[in-house]
Structures are given as C-alpha cells and as structure tokens.
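Undergrad: Under the UniProt record's numbering, the sequence shown has 146 at position 146, and the numbering climbs by one with no breaks.
Hints are supplied without guarantee of correctness; some may be wrong.
[Unchecked claim] Restraint ranges, calculated between C-beta atoms of paired labels, are given here:
| no. | residue 1 | residue 2 | range |
| --- | --- | --- | --- |
| 1 | Ala284 | Arg441 | 18 to 24 Å |
| 2 | Lys339 | Leu381 | 34 to 40 Å |
| 3 | Glu330 | Phe264 | 52 to 58 Å |
| 4 | Asn3 | Glu386 | 23 to 29 Å |
| 5 | Glu27 | Leu64 | 42 to 48 Å |
| 6 | Glu330 | Leu266 | 26 to 32 Å |
| 7 | Leu304 | Leu43 | 42 to 48 Å |
| 8 | Gln326 | Leu266 | 46 to 52 Å |
| 9 | Gln76 | Trp48 | 38 to 44 Å |
| 10 | Glu390 | Val17 | 41 to 47 Å |
| 11 | Thr81 | Trp48 | 45 to 51 Å |
These are computed hints drawn from the structure, not numbers from a lab.
A virtual CB, placed ideally from N, CA and C, is assigned to each residue, including glycine.
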Amino acid sequence: MSNERFDKFLKKNLEAVRPAYTVSAWERFRKKMPVPPLASWLLNYGGWVASSLLLSGWLVTFYLYWKQNETLKTVQKQINTLIEDRTLLSKKSQHSVITSPAEPLHRIDTVYIIHKTIIDTSKPVYASTKSAGEPTQPVTQRRRSEPVTGTTREPVLTRNEALSAIHQKSPLTETGDRHAYQRLKQGNAGQPTASARPSAHNSTFQDSLTKPVTTSVPTASADSAEVVAETQQPKTPDLSLPKAPPVSEAPMQPKKPEASKPPFSLRQLKPRIGIQGIAGLKGAGAGFVLDFQVADRTNLSFGLQAQHIHTENHHALDDYNSATGQDFMEIYRKYLPQKFDFIEGISISETFMTVPVSLNYYIPIRKAWSGFINAGTQLNLSGFQEVSFETYTGSRENHYRFDFRTHPDLFTNFVFGGGIQWQHKNIALQLGPSYKYIFHRDHNSAAKSSAGLNASMFINLFK
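Start from the sequences, fold in the hints, and give me the full structure.
TA: See below:
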C-alpha cells in the first residue's frame, strides 16, 4: 500500500469519528490559544494601571481637600488676630488719647489772665457815696445791687508779665499778687481821699486793704460775696492745647498669652470600635475594626479579619492543571495515597488572617445619613488551605481531606468600596459594596479577584 493510499484511508477513518463535545475540553484548549497583543497586555498589566489611576486620583483629591482646609484655617487665624487687635486698640483708646499731628503746633497769642480777689467782709466796710447827702450802707449790701466800682479793679498786666505767667505754667504767686496790690494802691491815689468819710470807716477799709490777697478760689455763700476784678480787655478763650502723651508713654495693656495647644488626647481622634463582615459569591469573612478620625470627614480604620474562600472546584486532575497552570500531583504528592487509578472531585478552600487597612471619606447627606467611599488593602498575615478529593481504585471510591498552613505574601491586593452610613447617638451602621483586586498571584494561594458586600457596626468610645 502506497503512502498516499494510506493517508487517504486514515483520513477517512478519522473523519468518521465524531467525539462528544465537552465544555472542560474547550476551556483547556481555549487557554492555550494565542490572544491579541492588546488583550494580553491588559490581562497582565490592566489591573495595575486601573488600580494606580484610582489610587492616584484618590490621593490627589485628598491632597487638594487638605490644602483647602489648611488655607481656611490660616484665613480664620488671620481674622481672629485682626479682631483681637481691634479690640485691644479700642481698649487703649479709652485710657489714653494718642495724637500725632501732621505739623507741630506753635501758636503765640495775647492771653489775658483774670484773677479773683477775696476781701475779708467779717467787718462791715462802707464805701463812699456819690454825694454827701446819700446814706451810706455796707459794701456787702451794695455788691448785690450795684456794679463793682473801680476801686476793686485789678490793673491790666503788661504783655511781658502775661507771657511770663504762661511760660511758668502756673498762676501768679503770692508775691506777684502783692505787687499788683501795690500798683492798685498807687492807681487809687488820684481818687478822692477819705476825709469825706467817717474815720472809723476809713480805718476799717485801710485794715482790709493791708491784708494779704490770696489767689484761692472762694466758695459762694449768703454771708460773704466775692468781688471779681475784670480787665479792660474782653475775655478770650484759652487757646492752649493739652499736651498729649507720646505713643510710647500710653498705658499698654499686657498682651494676652497665646493659648497653648492642649496635650494630645485619644478623645481628639474620636475613636470607634466595631465589627465588620463581608459576604461574596465564593466566601465570607468577619472581624473587628478600629476607626479614628484623622481629618475633617476623613477616617482611618484597621482591624483583624478572618476570611474563608472557596478558591477551586474541579472535576478531574486535568481540569485543575489547566485552570491553575500547576501540577496537582507535584504540589500535594505527600498527601496522596500510594495507589489509585484516578482522582476526581477536587475542591480547595482557603482561610486567611488579614489586617484590613482603609481610608474612608464621608459625604453628609442628611442629619443621620451620610455616604462614604474608601480605598485600602488587606494585608495577609497567614493562611490555611483545605483540600478534598476522591480517588478510585478499581471500583472502590475513597474520600480524602487535609489542610496545611501556607505563607502568603503580605501585600497582594487593593480594596475599593463605598456605601452609606446611618448614625444614631453613639452607634453607626454601614452597608456598601466592595471589590478586592489581586494584582499579584501568590504561588501559595489560589485566591482570585472578587466582589462582595460589606456591613459594619461601630460604637463611639467617647461620648
């Protein structure tokens, strides 16, 4: 038989065979087919790119929010400082007058000094009348009805004397008043003599004139009156200005000591403790969590959680090897029986002890309701694998189950999520979806990326 004839015969027999279609065979074959370059790149690096973009966007948003919050705090401090300065200045203005004229005040003008002279009226003094026929009366009675005569008028001071008195910034001394009295006595020399008056009256008047004149201000009473000597010039207002104290001499109030920052207290972080659970299509987990407020509307939470996940479920050895890319016989050889025909019903589940760490940002909606978004990771501390399978030896079926401890890598995933929160007094309830993306496949673990639903309950440690 020629080779050509043999090939035709073999081809005919092969085409006559129509094996039954199985889904598992196609799945094994499909994974070995080449994929487009873009799809291959997305499968290998798409998760890294997506997670990096999400994490970068979240960090940028948090940074911008922190920057705006710091700016608002700075502006608020400046406003408080201005308010304190204004209050301090208003208090200073009540105690002192601070003046700073643009130009120095130098003004010279004629100032007329008016003195008040007190005459002792304990003894009745009779003044001369206009004519000899008119009856005389005490001076005290005449002062109430008649104008003051020229005998009590004080002579006008010269310009030099007035300026000298201003320069000394004090009223005329007693010696100056005595000199004025002498001039007054000399000025009255041209007046009519006291010959027309009774001698007793004249002596009484002379006694009153020889008494020293004081410059104290008298008090008005019904028994005594004062004689005010006015100058011939009209009265002019006092043009002198009060000397304002310099700014440096103004009474300064001690500055209020700056409020020192209170010591750090755990109460400032508003800690909360609670329990958290997660449920997914292939597993569930539960644990406790601590939550701290690190910024306005931003909380940091971490805890300890145990998760149980069904990672693999295959019908035969070939299915497991094709799905995982590993050889079941090599990995679990020491747990397999010595003799068996084939293995079926492979089931693998994993239990992890993880430390969930997440950063949560809250968005108020209503009084008791608020939304939140979070991002973080689940750090793997330790893991356990539970493997079960069936072996067949002839017609005999055996069931095997074993578990062993694994050592997964610490950082292999990112977790993103969100949800709503309801808070009543010291209790808060949270509910929302989450997605766990595994960017690094650990050879000691068969866990895959998965989605789930998170539920948490928190209690405030401090009221």
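Undergrad: Look at each hint and say if it fits the structure.
TA: Do the hints match the structure? See the list:
1. With their beta carbons about 22 Å apart, Ala284 and Arg441 fall inside the hinted range of 18 to 24 Å.
2. Between Lys339 and Leu381 the beta carbon distance is about 39 Å. The supplied range of 34 to 40 Å therefore holds.
3. Range check, Glu330 to Phe264: about 55 Å between beta-carbon atoms, so the 52 to 58 Å window is met.
4. Asn3 and Glu386 have their C-beta atoms about 56 Å apart, which leaves the hinted 23 to 29 Å range violated.
5. Between Glu27 and Leu64 the beta carbons are some 47 Å apart, a value that agrees with the proposed interval 42 to 48 Å.
6. At about 52 Å, the beta-carbon gap between Glu330 and Leu266 misses the expected band of 26 to 32 Å.
7. Take Leu304 and Leu43: their Cβ atoms lie about 33 Å apart, and the range 42 to 48 Å is violated.
8. Checked against the given bound of 46 to 52 Å, the beta carbons of Gln326 and Leu266, roughly 48 Å apart, stay inside it.
9. Roughly 42 Å separates the CB atoms of Gln76 and Trp48, a value that falls within the hinted 38 to 44 Å.
10. Hint check: Glu390 to Val17, Cβ distance near 30 Å, so the stated range 41 to 47 Å is violated.
11. Hint check: Thr81 to Trp48, Cβ distance near 49 Å, so the stated range 45 to 51 Å holds.
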